[in-house]
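**Student:** Sequence:
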Amino acid sequence: VCAVIHQPSYTLFNMFDDFVLLARGGLIAYHGPISEVENYFSGLGIKVPDRENPPDYYIDILEGIAKTKMRGHATPKHLPLLWILHNGYEVPEDMQKDLEEINMMHELYTVGSITRELSSVEQTKSKDSVHQNVSQRNDLLNRKTPGVLAQYRYYLGRVAKQRLREATQQAVDYLILCIAGICIGTITKVNDDTLGAASYGYTIIAVCKLAPCVIFINVLNHKVAKK
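Numbered by the UniProt record's numbering, the letters in the sequence shown go through residues 1 to 227 in order.
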């Protein structure tokens, strides 16, 4: 299940198990348990101010909105590099220049010491979280693709739930269709020769007019709700 949550509260943020913080370019600045994220950034010199939401503050730092001082000569743009060094991964060639700019290799390689206060079990989980997620991808190779009927059943159930959530909108649509059908039925002459062929044209026109009517009603309801 995937969901997009904009500006989650601190309570909701703590309900998650793992946290992935992406820097510009899709680089990982942190990927691990929620319980360790503040300890990790605190060791880098990034401390969340009082009454500040941690996820929002970390994102502001990566975007350059919030200013902060980090250990040594590191800057927020070096957070992906610090994460690589923290986990003991090999530094890519395109980050070698950033490593030289910092010129504090000894300090950077000891970034892992910021979690010494944590238990050894928690350190192992933090270090291997990425590898565990990658290894789980192999299990997907052996999964069975649902059949057409199963996919149709799930899709039908999903659409039904969406329709039930918009019960008022559905009632308005059907009401407009009924009114349009009554109007068309009264002005159309049906005989045995044409079998009501002319009514098909009117039906197409009515369906085309349905969308503007629905939009107008939605706008009207929105204005009434504001008042």
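Because the hints were derived from the structure by calculation, they are not lab data.
Even glycine gets a Cβ: it sits at the ideal position worked out from N, Cα and C.
Just so you know, not all the hints are guaranteed correct.
As the list claims (entries may be wrong) - Think about it this way: if two alpha-carbon atoms lie no more than 30 Å apart in a straight line, the pair counts; the simulated BS3-like pairs of lysine-lysine are:
hint: 1; residue 1: 223; residue 2: 209
hint: 2; residue 1: 47; residue 2: 67
hint: 3; residue 1: 161; residue 2: 67
hint: 4; residue 1: 97; residue 2: 161
Claimed, not checked - Across the chosen pairs, the derived CB separations fall in these ranges:
hint: 5; residue 1: 90; residue 2: 159; range: 28 to 34 Å
hint: 6; residue 1: 205; residue 2: 159; range: 23 to 29 Å
hint: 7; residue 1: 68; residue 2: 92; range: 23 to 29 Å
hint: 8; residue 1: 28; residue 2: 5; range: 18 to 24 Å
hint: 9; residue 1: 11; residue 2: 92; range: 47 to 53 Å
hint: 10; residue 1: 89; residue 2: 39; range: 36 to 42 Å
**Student:** For each hint, tell me whether it holds in the structure or not.
**Tutor:** Structure-based check of all given hints:
Restraint check for residue 223 and residue 209: the C-alpha separation of about 22 Å stays at or below 30 Å, so the hint holds. Between residue 47 and residue 67 the alpha-carbon distance is near 11 Å, which keeps this suggested pair within the 30 Å criterion. Pair hint residue 161 plus residue 67 does not hold up; C-alpha atoms about 45 Å apart against a cutoff of 30 Å. Restraint check for residue 97 and residue 161: not satisfied, since their Cα atoms lie roughly 53 Å apart, outside the 30 Å limit.
The given range of 28 to 34 Å is broken by residue 90 and residue 159, whose C-beta atoms sit roughly 48 Å from each other. Here the CB-CB span from residue 205 to residue 159 is close to 27 Å, well matched to the stated 23 to 29 Å. Between residue 68 and residue 92 the Cβ separation comes to about 25 Å, which falls inside the hinted range of 23 to 29 Å. The hinted range of 18 to 24 Å is satisfied by residue 28 and residue 5, whose Cβ atoms lie roughly 19 Å apart.
At roughly 37 Å, the beta-carbon separation of residue 11 and residue 92 lies outside the given 47 to 53 Å, and the hint is violated. Checked against the given bound of 36 to 42 Å, the beta carbons of residue 89 and residue 39, roughly 20 Å apart, lie outside it.
Against the hints set out earlier in the document, violations occur for numbers 3, 4, 5, 9, 10.
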